[in-house]
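Here my numbering = 1-based position in the sequence shown + 26.
Just so you know, these hints were derived from the structure itself, not from any lab.
Errors might be hidden in some of the hints.
Stated by the list, open to error - Only pairs whose alpha carbons sit at most 20 Å apart, straight line, appear in this in silico DMTMM-like list of lysine to aspartate or glutamate:
1) Lys-209 <-> Glu-171
2) Lys-252 <-> Glu-303
3) Lys-209 <-> Asp-263
4) Lys-252 <-> Asp-263
5) Lys-252 <-> Asp-271
6) Lys-214 <-> Glu-170
7) Lys-209 <-> Asp-223
8) Lys-252 <-> Glu-165
9) Lys-162 <-> Asp-129
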Amino acid sequence: TSAPGAVPTQYAPPPPNQMNGNANNPNNASQYSVDRGGDDYVNGRSASNRASPNGTTVPPNTPDAIASLYAAPQRPPLDALLGHVRRLSRDQVGCRLLQQALDEEGPMAATLILNEGISFWGEAMVDPFGNYLFQKILEKITAEERIMLIKSVSPRLVNASLNLHGTRSVQKVVELCAQDEAKSPDAKDPTDGTAADILTTSLSPAAARLCIDSHGNHVIQRILLKLGHRHSRFVFDAVAASVGDVARHRHGCCVIQRCLDSPPSEARSHLVRRIVEKSLELMQDAYGNYVV
């Protein structure tokens, strides 16, 4: 935990082999139900039987099919992994196989894995292993595909931000949104706009709650660091509306200091005025005094 008044260091995801599959998860992935299992579909159609690495045919989605993939002396080809993406994303070995396929087999592999997982990426975001695959797929797909992916998980972004593993996924979303704003400004959804528009629209109703959460505050601070004022203004507005509560919180006071460190703007000036109004009570608080 950061000392009062200090801006906390952002999460740096550890290598997958350091993750604990039994981590304390306040928003258990079981909340994220899906209408159908991604294991049973490849691009909207039923997966057919696939050949195992030793040449024998194994019915898909059976323990033997997964075991045959793990037993192969070399990484199985992409075609052998497709149809098992959901199952593979939930454990350390399978997640690594998929990440290696993304690194080695190019954009087509990214598109195929993205499409197979479109119904359960929200679930993968908060999984101890699946979050690494989610972050990798974000990096490998195109700006247009990122919009599709972020739009598909948008109803779950708030809960993911509050989650130990999900906060890393959402911080990666923020980074890639900032990249697309700079490099692909014309990539837009006809209805919902850019990826950054979709992200901030999804998070804005819970901005004050995220500011005082041990995981969510890192998402908010990443937004303040990476996105321009047009997409970060909702943070200033939410903090100004609840400045008394946010400034007196151990995480919230750090968020406000990050807001005050930003370039001059009308939203920042409004926040300063709100702090001045509350200054007498804030300067007597263990955390609020750092804001003043």
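Now the hints, each set against the structure:
no.: 1; hint: Lys-209 <-> Glu-171; verdict: 15 Å, holds
no.: 2; hint: Lys-252 <-> Glu-303; verdict: 29 Å, violated
no.: 3; hint: Lys-209 <-> Asp-263; verdict: 28 Å, violated
no.: 4; hint: Lys-252 <-> Asp-263; verdict: 18 Å, holds
no.: 5; hint: Lys-252 <-> Asp-271; verdict: 25 Å, violated
no.: 6; hint: Lys-214 <-> Glu-170; verdict: 7 Å, holds
no.: 7; hint: Lys-209 <-> Asp-223; verdict: 15 Å, holds
no.: 8; hint: Lys-252 <-> Glu-165; verdict: 16 Å, holds
no.: 9; hint: Lys-162 <-> Asp-129; verdict: 9 Å, holds
Against the hints set out earlier in the document, violations occur for numbers 2, 3, 5.
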